[in-house]
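Asker: If you want the building blocks of each chain, they are given just below.
Number of protein chains: 2
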Amino acid sequence: MTQSCSGCAAPEAAFAAHDHAHCAQDVLERADALTTAMGARLTPVRRRTLEILLEDHRAMGAYDVLQRLAAEGFGNQPPVAYRALDFLVDQGLAHRIRRLNAFTACMHPGEAHAPVFLICRACNMVAETPATPVRAALETAATALGFTIERSNIEALGLCPACRAAA
Amino acid sequence: MTQSCSGCAAPEAAFAAHDHAHCAQDVLERADALTTAMGARLTPVRRRTLEILLEDHRAMGAYDVLQRLAAEGFGNQPPVAYRALDFLVDQGLAHRIRRLNAFTACMHPGEAHAPVFLICRACNMVAETPATPVRAALETAATALGFTIERSNIEALGLCPACRAAA
DNA sequence: TCTATGTATGTAATATAATAACATGTCAAG
DNA sequence: CTTGACATGTTATTATATTACATACATAGA
Chain X
751 MTQSCSGCAA PEAAFAAHDH AHCAQDVLER ADALTTAMGA RLTPVRRRTL EILLEDHRAM
811 GAYDVLQRLA AEGFGNQPPV AYRALDFLVD QGLAHRIRRL NAFTACMHPG EAHAPVFLIC
871 RACNMVAETP ATPVRAALET AATALGFTIE RSNIEALGLC PACRAAA
Chain W
751 MTQSCSGCAA PEAAFAAHDH AHCAQDVLER ADALTTAMGA RLTPVRRRTL EILLEDHRAM
811 GAYDVLQRLA AEGFGNQPPV AYRALDFLVD QGLAHRIRRL NAFTACMHPG EAHAPVFLIC
871 RACNMVAETP ATPVRAALET AATALGFTIE RSNIEALGLC PACRAAA
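The listed protein sequences correspond, in order, to chains X and W. Just so we're aligned: the first sequence equals residues 751 to 917 in my numbering. Just so we're aligned: the second sequence equals residues 751 to 917 in my numbering.
No lab work stands behind these hints, which were simulated from the structure alone. Be aware that one or more of the hints could be misleading.
Pulled from the structure, derived: some chain W residues nowhere near chain X, Cβ distances all over 10 Å [claimed, not checked]:
#1 H770
#2 Q775
#3 G811
#4 A812
#5 V884
Just so you have them, the derived chain X footprint on chain W, three or more residues with Cβ under 8 Å [said to hold, decoys possible]:
#6 833-840
#7 859-871
#8 895-908
Computed from a predicted model, the values in this text were never measured in an experiment. Ideal Cβ placement from N, Cα and C applies to all residues, glycine included.
Based on the sequences and whatever the hints tell you, model everything.
Answerer: If you want it as structure tokens, here you go:
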């Protein structure tokens, strides 16, 4: 029996073995539903881009994605990848990791979330963990200065449990 | 009488009028002391780079800094700027703002701090505010996953008080 | 069904950001 | 006064991202 998909949405799953293919399938289905609900279109390039990002918990650069897309008959110029990626980010189906100039699939789209990213510098895995307390603290700090936050990025680089143990 | 320099180290100062030249002077003096204490050398390029960053509370791209340096007789190739900037970041005298691919001077070098950056999308001011609670919350989230944080970046984009009022 | 309109895709060219590799210069400890 | 570490200079290249414009495609209204 395959592992429950909740395993993949759970933040700790990123750093643990799990039935990732199953999770990816689940996310894709929800992506279909969400985009149509939003009046947006998950076209072939966009869908394929999401599938590529969903292949594992690593972040991919736009040019890596582009190479994959081009190999499959889509356009091979940068805007092809950037447009698809930007669309996914806009729809909350992917996230941009600024520290890596790269992108990851969102593992629980649709659910309201204020993501925080934990990036393993050894295996390059990226875990997306909900961090309401972190956001709350940030909001408090901003409010104290009269600053209005519109978007934010919170990223940490370090070692995941497995790589830490290995070292 | 000039305003106290503590005005500039205070986070709210970034978005308020203050005697910035005085603050910059103060930071420079502390930078001199800190680097010698660390056994590092605040050479002419490095010092000038810091001065340029200190001119205001905005973030500058490496190429903007380079242009300034080149105009003053320093080398005009990218590594000149990147090396100076990397040195300053290493020494804790400047910070890298990943969201902007840019750098800002640290307004309170030497003091232990876990900076959070508030970036105004209208006037491009960057405020560096201490945010121990934010870091603590982040650390808690990481620990829950067995993740060890080594470095992190926390950045928020939005509107500063003045620009918000103007809009 | 036709056609106008908005949206999506393709492509070329270019802008922007960052690094690699190597040569030269400087300074201070021995 | 020389050697070794560090700092700077320069050339070239790589990596990341955007602008501008042409073409295709879907769909709502005539």
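Asker: State whether the coverage of the stretch 859-871 of chain W by chain X holds or is violated, taking the criterion as 3 or more residues with Cβ-Cβ distances under 8 Å.
Answerer: Holds, because 4 residues of the stretch 859-871 of chain W bring their Cβ atoms closer than 8 Å to Cβ atoms of chain X.
Asker: Is the nearest Cβ of chain X still more than 10 Å from the Cβ of V884(W)?
Answerer: At about 4 Å from chain X, V884(W) fails to clear the 10 Å cut-off, so the statement is violated.
Asker: Do at least three Cβ atoms from the stretch 833-840 of chain W come closer than 8 Å to Cβ atoms of chain X?
Answerer: With 0 residues close enough to chain X, the hint is violated.
Asker: Once the closest CB in chain X is found, is it more than 10 Å from A812(W)?
Answerer: Answer for A812(W): holds, closest chain X Cβ roughly 15 Å.
Asker: Would Q775(W) pass as off the interface with chain X, using Cβ distances and a cut of 10 Å?
Answerer: At roughly 24 Å from the nearest Cβ of chain X, Q775(W) sits farther out than 10 Å, so the non-interface label holds.
Asker: Beyond 10 Å from chain X, beta-carbon-wise, is H770(W)?
Answerer: Given that every Cβ of chain X is farther than 10 Å from that of H770(W), nearest at about 17 Å, it holds.
Asker: Quick check for students: does the CB of G811(W) sit more than 10 Å from each CB in chain X?
Answerer: Correct as stated: the minimum Cβ-Cβ distance to chain X is 15 Å, above 10 Å.
Asker: State whether the coverage of the stretch 895-908 of chain W by chain X holds or is violated, taking the criterion as 3 or more residues with Cβ-Cβ distances under 8 Å.
Answerer: holds (count 14)
Checked against the numbered hints above, the structure violates hints 5 and 6; every other hint is satisfied.
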